[in-house]
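Work out the full structure, taking the sequences as your base and the hints as a guide.
Going down the list, the sequences are from chains A and B.
Sequential numbering from 79 applies to the first sequence in our numbering.
Sequential numbering from 1495 applies to the second sequence in our numbering.
Worth flagging that the hints you see were computed from the coordinates, not collected in a lab.
Any given hint might turn out to be false.
[Stated by the list, open to error] PhoX-like, lysine-lysine: derived pairs with alpha carbons at most 25 angstroms apart: (1) B:Lys1845 x B:Lys1800; (2) A:Lys100 x B:Lys1845; (3) B:Lys1604 x B:Lys1567; (4) A:Lys95 x A:Lys123; (5) B:Lys1604 x B:Lys1594; (6) B:Lys1762 x A:Lys100.
One letter stands for each residue in the lines below.
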Amino acid sequence: MTAAPPMSTHTLSELAKTIRSKNAGVNKITFDIIFRDRENYERVKRSRVLTRESVAALYRIPPERISDFVEYDPAYAIKFTIYRLTPSGSAGDGDIFGAQQYAPLLDLAVPA
Amino acid sequence: MQTLRIICPNGHLGFAPLRTESFQLGVAAAPDYIAADSGSDDVGPVPLGSDTSTSPLAWQRHDLEQILLASRKLGVPMIIGSAGDTGSNSRVDLYVGIIKELAAQHGLTKFRLGWFYSEVDKAYLRRRMQEGETVQGLDGYADLVGSELDATDRIVAMAGVHPYVELLRRGADVIIGGRSSDAALFAAAALRHGFPADTAYYLGKVLECASFCAEPYGGKETVLGIVSHDDVKVTAMLPSQRCTVASVAGHAMYERSNPYEELFAGGKLDMTDCRYEQVDERTTRVTGSRFVPSERIRVKLEGAGKVGERFVGMCGIRDPYTISHVDEVIDWARTQVRARFGDSGYELHYKVYGRDGVMGDLEPLRDQPGHELFILVQGVAPTREMAEELTLTGVRQMFYARLPDVKGTAGSVSFPLDEVLPASAAYRWTLNHTLVVDDGLELFPLHTADVGE
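Written out as structure tokens, the structure is:
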């Protein structure tokens, strides 16, 4: 049996206001994690739970597939963008709008 | 003129109808312009390639009617960009026709209708390439080569402000645009009235998706933008929505990989030094945006090419042993397809819902499939007959998959329908490129006509 996480650990979905994915042009999908306040934003930034490397590991893709990784202070947001393997709407694409690719981010554990 | 007021009732006109309550509140706020873009490359390459709309005619007509009647009543211009989802010539003609019909139907007094096209002739592009021009690929696309141009059915160029400014200068009261940068139609109105590009382009950037710059989330609601010589204010018109610092700043990053800049034909909007302030409960003020003109005008090109005719089929799996061997079931079906059709000359795609149908290679939980699976099969081939047989083989042979230890020997899958269904032909984005032009009007022929009595 594994030990329960410390009480102060939260999931990303508990801390963020918005977690979403969407096409950015026809060959990329961009992910936005937006916080309601500076405190939660800074906490997640400090935790290093979301970095170019951690995101690549989570989605099991090489880091080169991440075209941009931005900590966007004006909106208390962290955003990253990945290349698609084939452009949106090609036969076999399961998400033409790229709108349902964010789910693995929801349960990321963020330490206090 | 100290300020200019523009309302935007819909971020993608036609895709879902505008909401009339907030639109009427926006109209009551005495705008100088009503503007909305009607296109997106989000809808995939099929509409552009097949020259169709993904939006139903009834919804397109609904919004055009609402906006036209309001604009004529107020006596202010309306601007619609990227007609009919793609901005192809047939979509511009469709909207121009709807405007003329509505004018007759409602007995509207005379107004000037302006429109422009944005399809690019393949022969023109081939000539430019032969002259040594590089058509540069965007976002991982290689520079354009002749074979990709050959594989393309239709190309549209994305207009900047230029055709809109010129049509306004020619006195257009109603403008129907071909494919356009959505922000350009708003920026053009502000530029036409002498406002600086720094605020004009930001006005367009913040208004283009209507209420997506407001909170709480709710699409298709009207927002009001007010541009001055040194700021932009944006206000939600629906009483329950607000434009907050967070929602407005957040909108800058929506659908863009870089939240600090956006490229247009003729320059880029730099939002690095933007400052956001809440000025009243539903209004946010933005200062510090900058427009940086480019040395040469680079126009974005979108092109789609047909891959083949397409059918779809579907089946389900409930046996846990079969679920754990679903890839072998698919392999069996693929093998039967190869035996019939060979190794190439078609596409066969399997989506396994309940495992990784939504996320494909990005799915971290791929090794934890659910207790039942749904499998969508798509077959793409040069003819409808072949696509149908290909897809039927790819689905039905799953029923006969030979798994060594399966208990159920009467059929490996369930069929909700024992048939395959015709789908839209398959297309792909062949062009996602940019081309240098000498003049922002070069690819966009303009037309005007007086309409009404």
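Here is how each hint holds up against the structure:
The straight-line distance between the Cα atoms of Lys1845 of chain B and Lys1800 of chain B is roughly 21 angstroms, inside the 25 angstroms bound, and the hint therefore holds. A threshold of 25 angstroms between alpha carbons decides the hint, and for Lys100 of chain A with Lys1845 of chain B the separation of about 20 angstroms falls inside it, so the pair holds. A hinted pair counts as satisfied when its Cα atoms are at most 25 angstroms apart, and Lys1604 of chain B with Lys1567 of chain B qualifies at roughly 12 angstroms. Restraint check for Lys95 of chain A and Lys123 of chain A: satisfied, since their Cα atoms lie roughly 15 angstroms apart, inside the 25 angstroms limit.
For a cut-off of 25 angstroms, the pair hint linking Lys1604 of chain B to Lys1594 of chain B stands: about 11 angstroms separates their Cα positions. With a C-alpha separation of about 22 angstroms, the suggested pairing of Lys1762 of chain B with Lys100 of chain A holds against the 25 angstroms cut-off.
Violated hints: none; the structure is consistent with every hint.
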